[in-house]
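K.L.:
The chain contents come next:
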Amino acid sequence: MSHTESYIEYQGKQIATDPQGYLKNVADWNEQVAEVIAAAEDIELTPAHWEVIHFVRNFYLEYKTSPAIRVLVKALGQALGPDKGNSKYLYTLFPIGPAKQATKIAGLPKPAKCL
Amino acid sequence: MKKLCIVFRRAPHGTAHGREGLDLALLSASFEQEVSLIFMDEGVLNLLKQQQPELIGAKDYIATFKALPLYDVETVLVCKQSLAELGLSAGLLSIPVTVFNHEQIAGHLAQADEVLVF
Amino acid sequence: MILHHIQTSPNNDSALKLCLRYARKEDTILLAGNGVTALLQRQWAMALSPFKLMLLQQDVQARGLGELLKDFTQIDYADFVDLSLSHTKVISW
Chain F
1 MSHTESYIEY QGKQIATDPQ GYLKNVADWN EQVAEVIAAA EDIELTPAHW
51 EVIHFVRNFY LEYKTSPAIR VLVKALGQAL GPDKGNSKYL YTLFPIGPAK
101 QATKIAGLPK PAKCL
Chain H
1 MKKLCIVFRR APHGTAHGRE GLDLALLSAS FEQEVSLIFM DEGVLNLLKQ
51 QQPELIGAKD YIATFKALPL YDVETVLVCK QSLAELGLSA GLLSIPVTVF
101 NHEQIAGHLA QADEVLVF
Chain D
1 MILHHIQTSP NNDSALKLCL RYARKEDTIL LAGNGVTALL QRQWAMALSP
51 FKLMLLQQDV QARGLGELLK DFTQIDYADF VDLSLSHTKV ISW
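Protein chains in written order, with full-length UniProt numbering: chain F, 1 to 115; chain H, 1 to 118; chain D, 1 to 93.
Where hints are given, some of them may not hold.
What the hints assert, rightly or not - To give a feel for the contact side, a few chain D residues facing chain H, derived at Cβ under 8 Å: (1) ARG21; (2) ARG24; (3) TRP93.
Claimed, not checked - Distance condition first, Cα-Cα at most 27 Å in a straight line; then the derived BS3-like pairs of lysine-lysine: (4) LYS89(D) <-> LYS17(D); (5) LYS25(D) <-> LYS80(H); (6) LYS25(D) <-> LYS2(H); (7) LYS88(F) <-> LYS110(F); (8) LYS3(H) <-> LYS74(F).
Said to hold, decoys possible - Have a look at the derived ranges for each label pair, beta carbon to beta carbon: (9) ARG24(D) <-> ALA48(F): 53 to 63 Å; (10) GLN104(H) <-> ALA40(F): 31 to 41 Å; (11) PRO95(F) <-> ALA16(H): 34 to 44 Å; (12) GLN81(H) <-> GLU35(F): 51 to 61 Å; (13) GLU5(F) <-> GLY57(H): 19 to 29 Å; (14) THR75(H) <-> GLU35(F): 40 to 50 Å.
By construction, these hints were calculated from the structure, which means they are not laboratory data.
Glycine residues also receive a C-beta, built at the ideal position from the N, C-alpha and C atoms.
Let's have the full structure, built from the sequences with the hints guiding it.
P.N.:
Written out as structure tokens, the structure reads:
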């Protein structure tokens, strides 16, 4: 076992993450923590980002799993309409991968199946 | 597109079978396979409401069953005889299911391309 | 036509009970591992009698049951492969 702990700094506190920067504890999250994670991902959060981040987080809290990208697209489309429920829109917001980056900024564990 | 039928026959939380079966179901559905689920024997206990697996240090994969429609998994069958053996009814289950007798389940198993038992 | 594959004793596991509940008369049941011991018990032998039944020979002989179960069809692994190809699918309970 490695003794090198990964963490992010927030208001002088250390918040534990996995080596890829996903929070270890879902409950450690708040919007300020999200800003810190997003900055490390080189993403400036706009209201459009927040809409997706809150959606993904609520999905996780309800279903106890991070959505695969296809499911995220479908569920977003049902909730917010077809102009937001498509992967082109999501990739505009989260260029490296919506499932990966939105879940990370939302303080969720890394999706087991990033498809 | 293959017709993949995933059978849950064991009680939840004692082993990893239920969680693994559900993972396979969601993963296969993400790859656009036609996935159906059958709950039989103590496997029907996966669907009981108000479970709190975290109390015994187990992962709460039970909540994830509610996401099945979002993965386009529409066919969820429960064995009538298994419900009766455990003194349960479909109304006690956390998601909408179709109750099948043993002959209907045999028919469903026969038409699937692959059947995997967990 | 399904090949039902049972690997556990009916005293420890409900695999055989479930297989018998959902099997159709044209299906084949293959007992392997501790599954072969089901035939020592009269009620399971009776329940299995309507089906085409096979035992994995190595599992029978390994358990010293060759003489007791000599009236049942025993197959080797090569036959098992042939059986899985001649059935539409295999269900490993």
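K.L.:
Against the structure, test the hints numbered earlier, and report the numbers of the ones violated in rising order.
P.N.:
Hint 10 is the one this structure does not satisfy, whereas the remaining hints hold.
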